[in-house]
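Asks: For reference, the chains in residue letters:
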Amino acid sequence: MNPLDIAIIRGRLQQITDEMDVVHTKAAFSPVVSEMSDRANAMIDPRRLEVVSQGKTGLPVFVSAMQSAARAIINKLGDELAEGDIVIMNDPFLGGTHLQDIKIARPYYYGGKLVLLLVSTGHYVDVGGASAAGFDPGATDIFQEGLQIPPTFLCRGGEIRRDVLRLIVQNTRMPEAQEGDIRAQLNALDIGARRLTSLIEERGVTQLLEAIVELADRSEEQMRTYLRRVPNGTYRGRETIEISLTEELIIEVALKFKDGSVEVDFTGSSPHYRGPLNLGWPTTETAVFLAFKHYFPEVPINGGCFRPFTFKCPPGSFLNAPWPNAVGGFSESAQRVADAVFIALAKALPELACGGSYGTGGTLTFSGYDKNGSFFASVFPMCGGYGGSKGADGLVHGPLPIGLAQFPKLEASEHDFPLRWDALELRPDSSGAGRWRGGSGSVFRFKPLVPMTISFLGDRARFAPFGVVGGAPAAMTEITVWNKDGMSGGPGNSMVKGVKVEPGDCIEMKSAGGGGYGLASQRDAAAIAADIKDGLLSPLA
Amino acid sequence: MDPAAPQSAVGVDVGGTFTDCIGFDAATGEVHIAKLPTTLDDQSRAVVGGIEELGMKFESLDQVCHGTTTATNAIIERKGVKGALIATRGFRDIVELGRRDRPNAYGLAGGFTPLVPRHRRLEVGGRIGAKGEEVEPITEADLQKVIAELGALDVEAVAISLMHSYANDSHEKRVEAAIKAAFPKMYIARSTAIYPELGEFERSSTAVIAAYVGPIITRYFQRLDTGLRERGFKQDYMVVQSNGGAASHRIAQRYPTTTILSGPAAGVGAATAVGNAAGLNKVVSFDMGGTSADVCVIVDGKVRQSIENFVGYRMPLQVPMIEMDSIGAGGGSIASIDDAGILRVGPRSAGARPGPACYGWGGTEATVTDAHFVLGHVPKASLAANRIEGVDPDAAFRVVKKNIADPLGMSVEEAAEAILEVVNENMAGTMRLATVERGLDVRDFGLVPFGGAGPLHACALMRKLGMKIAAVPVYPGLTSALGTVMADVRHDFVQPVRRLLSEVTSADMDKIIRAHRAEGEELLKLQGILRVDAHDLALAMFYAGQRHTVSVTIAADKLAGADLAALFAEAYKQKNGMTLERPVMLVSVQSSVISRTKGLDLKMCAAAIRKTPPTIEAHTIKARFLGRDMDTRVLDRRSMKAGESVLGPAIIVQRDTTMLIEPGYRATDSDIGSIMITKEG
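Chains as they are written, first to last, in our numbering: chain S, 1 to 541; chain D, 1 to 681.
It is worth saying that the hints were derived from the structure and are not from the lab.
Beta carbons: idealized from backbone N, C-alpha and C, even for Gly.
Do not take every clue at face value.
[To be verified] The following label-pair restraints were derived from C-beta to C-beta distances:
#1 T218/D / R194/S: 47 to 55 Å
#2 M487/S / K131/D: 50 to 58 Å
#3 R194/S / T39/D: 31 to 39 Å
#4 E570/D / E159/S: 42 to 50 Å
#5 S170/D / I250/S: 35 to 43 Å
#6 R47/S / G409/D: 45 to 53 Å
#7 P539/S / G151/D: 19 to 27 Å
#8 K598/D / S198/S: 29 to 37 Å
#9 A130/S / I76/D: 50 to 58 Å
#10 E617/D / G111/S: 36 to 44 Å
#11 G301/D / A130/S: 41 to 49 Å
#12 T218/D / P539/S: 35 to 43 Å
[Claimed, not checked] Which bits of chain S does chain D cover? Going by a derived footprint, with three or more residues having C-beta under 8 Å, they are:
#13 77-85
#14 180-189
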């Protein structure tokens, strides 16, 4: 293909998905989408079932999840799809992540021919289930986690199916916001379709289809170029997720590099269990890809890049859990899969390595009735330090590496909810030591102004973020809830289930720091002195 | 003399590389221009030097207007003053923690160094609640403690930012008073004095930036004042603010953060005036320089203002600023082949040094400018006019061949055209996105291209975006300087409201608006201006529960009887394509109190250009457009008569830029000084 045409079409496809992101965010209701960017928009090649382009501001954990969702839609409904249809789904075993992430897909036709599948995914605060706003740490199967939507027609022949819409909306505690968010996604799909039409009118459908094939082939070759930098061999990583004070899930990963391809083998990982930290297989895949993309940020989000990967996972593993297992805490496990891959990659490419991050989604859920008797429910995400890397101490207060979501404005949350913040500050002595230390963890503390129910589903209270290249691990998560019955949580315990709090009680979160890079004995003396002066390092520590 | 209606004035815009000056004298009809290298250590030297080069008498000048990058540079180069921060107990780290983001979506290495290190971030007791209620009083002991701690730090400036101070600033004011009493010379930046809006991190960051650059700005403004007065200038010079309006330097000193983005804002102001004069009510301004291009959407002479601005990673700055989209695409943008084997242009740039390969300053990479040279778009006559010497067009040919053409298996000419196509696509994409974000269609807009490289790309952008008309300003390379003398004197105010629209009475609104008006008149009076020409409102609203506001803009005197809910629904629908059945919340009331400048008339510029004789004789060269070598007319801008037009392909040369007219487009010299480009047929 002409080098200019391919450059232009690549740019335009990227612009189209970027534009879908913008429209989605601007029109969305739930702050999770509009403020925390917990969404993604993509276009998929319906012939090869590969992602062609994805909006740059999409959440990393959706890196290959959009492709999985599209595969499911084409596989389940392919023969029935027609112009004017729109499909909705949230089945995590088909499309990855959890029930809150609702995918809406629009097959795009030109001249009566299916050209591309446009897909938009967004996080919905509530999709029903036992626990408001999801993330129920007590869930033992997916029925408790909310409404399951297999690939279902939301529109046929260009008309929205009011019955389907009502069915979905009636199964949430926040029907108005839900409907607003669905419409925001429909808007995003609409702008994508309009832009594709102008692109095709300018370039012709044949050239577009040729470009799609060529872009995938080139992306594959690009990925192989990066993978060839790693000497052939097997590199292993092991990570642990806490599921109770005494039990854990183990991730064992072996990356077998060979001449520009890699086999990802999860043999030895734990079986699935009766709790919310299982993963549907598409989630495990997407976690692996995003770990590689953190190492090689230049990798485009294009299905061609996924071709050099093969996977091996024992049946019945929690990384490949079958329906109807609970998956509501997927972000913990997906992050830990990425961490296991990071540990293996640090051995393969130490120059590019980073210490482990605080690494837990650590979603704190709070709900109750305000003084007017209206129900409220929302979440505060965890925050914490990133690992040190060659030449730089770690970042403080980063989003989860598999995500991008920001922390809400404290002042806004005091307007929106009956609570008051006491503090949000750096946590001294929490970073992993190293020649370049990790970033500090954070501490936040708030008080309820009305009775509330607090749940926390997190991790890293018993197994610390790792150091690399000789760096030390960081301090661990500590969540503590004080109420009239005393204290819940505390050191070593990363789960709090439905604790009732009242005015006068207090919720405190201490997040983990990031792991160090390199030997602490090689750290610059001036850097140590500065840390002591800034109160981040106790002279004794 | 009315400072907003000068008879003779000079506009000076200081950029990273050049200081541009333009001066006019209404009595004689003369317009002078000058371009000097920027004096990086002290910008005021080139400012004064530039005015001297214009040959105008300082003592008879009515006005000097200035766009500056002093504040921006101090932040980028981390050369601000040693300062401290005072925050509510428990929240001193907010300014470092930010909103939980990372510099890039992918890649986890690297960190962030805040402008004020942790040991200089102090805490004070007391707490205000979300509704402005005092939850915990601030005590004398609290104040004494923080004053003692501040004294021990030996700092020049201090930022104060307390929780919910936008709803109740009494605690912040008490801290400020205590500091003033204890340290009369301390530079104080209080968050709500700068921008009283919700958002503890954004407000703290803004105050910290203000404290960091405030003393530097103050000293710079005083130095320039002295420099001008020593040479006989008798007035207070004006400074362009980020909102595009001008203010006396004495006022601007009080709000140093408003001078960040000063220069680009002035350019947009000029573009607005050029669009108005050309009768275009929807205009996209396009300012393309050496490393980046700025795009701004102007509707009915108004530019949207944004308060969500960043001066760097994790450094938001909350001041009204012209909403501008920037893209790493300029004359120096580097073309390369990426890891996928696909041609890419920018965002890397060869900058001013080494610059494009053809400039012979050691550049070894193919840039956008090199591509233009290969294609014959920059004739020798243009180089002479632009006083560029030692250019080696063969070097352009060599780098494009080696870096792009050979690896991609194309001819050098094909490769050069491909470079331009890709950079034009990137810029067109930015314009498309900029209009879509506002719910607008770019095809309805006219283009105002300027900056050194803008007029070279105007036709290509029109072609890509389906735009029908462009107005190239009279001095495209000096448009920001031109804008400084055209900027209206303007002051912005904001009052947070955060109440349901249905609960806000007209008396409530009246009270806010009258207070803003009085403040505005007071500031104008301090500058000797008694005339208020406009009081515009931007009412930021959303449906209760949302986060992103949509603003309704309306003149203050049209507010009585206006159906704000209906106006909001209309604005919301335009932006998002639908409306919702939900209560509307009024988030804040923003006011702009404006005194219009009656200064430079564009017609005067047009006449002045024609007064100077052309130095280039019209001739024909070969240049390449859309795959064909074509006979191309080369004209001197000064030889064009009012109403004269030329059909592309043509190249119009003037001192500060080169204008490329593609085949199928016509360039007409209008009587307002702009060259109008239209599509033929």
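Asks: All hints, please: hold or fail.
Replies: Checked hints:
For T218/D and R194/S, the hinted distance range of 47 to 55 Å is satisfied, since their beta carbons lie about 51 Å from each other. With their beta carbons about 31 Å apart, M487/S and K131/D fall outside the hinted range of 50 to 58 Å. Checked against the given bound of 31 to 39 Å, the beta carbons of R194/S and T39/D, roughly 50 Å apart, lie outside it. At roughly 27 Å, the beta-carbon separation of E570/D and E159/S lies outside the given 42 to 50 Å, and the hint is violated.
Checked against the hint of 35 to 43 Å, the pair S170/D and I250/S fails, with Cβ atoms roughly 56 Å apart. As the Cβ distance of R47/S to G409/D is approximately 28 Å, the hint placing it in 45 to 53 Å is violated. At roughly 25 Å, the beta carbons of P539/S and G151/D sit within the given window of 19 to 27 Å. Our hint of 29 to 37 Å for K598/D and S198/S is violated, since their Cβ atoms are close to 44 Å apart.
In this structure, A130/S and I76/D meet the distance hint of 50 to 58 Å, their C-beta atoms being roughly 52 Å apart. Hint check: E617/D to G111/S, Cβ distance near 54 Å, so the stated range 36 to 44 Å is violated. Separation of G301/D from A130/S is about 57 Å and departs from the stated range, judged on CB atoms against 41 to 49 Å. Separated by about 39 Å at the C-beta atoms, T218/D and P539/S satisfy the suggested range of 35 to 43 Å.
Counting residues of the stretch 77-85 of chain S whose CB falls under 8 Å from any CB of chain D gives 0; the rule of at least 3 is not met. Residue count for the stretch 180-189 of chain S with a Cβ under 8 Å from a Cβ of chain D: 4. That meets the three needed, and the coverage hint holds.
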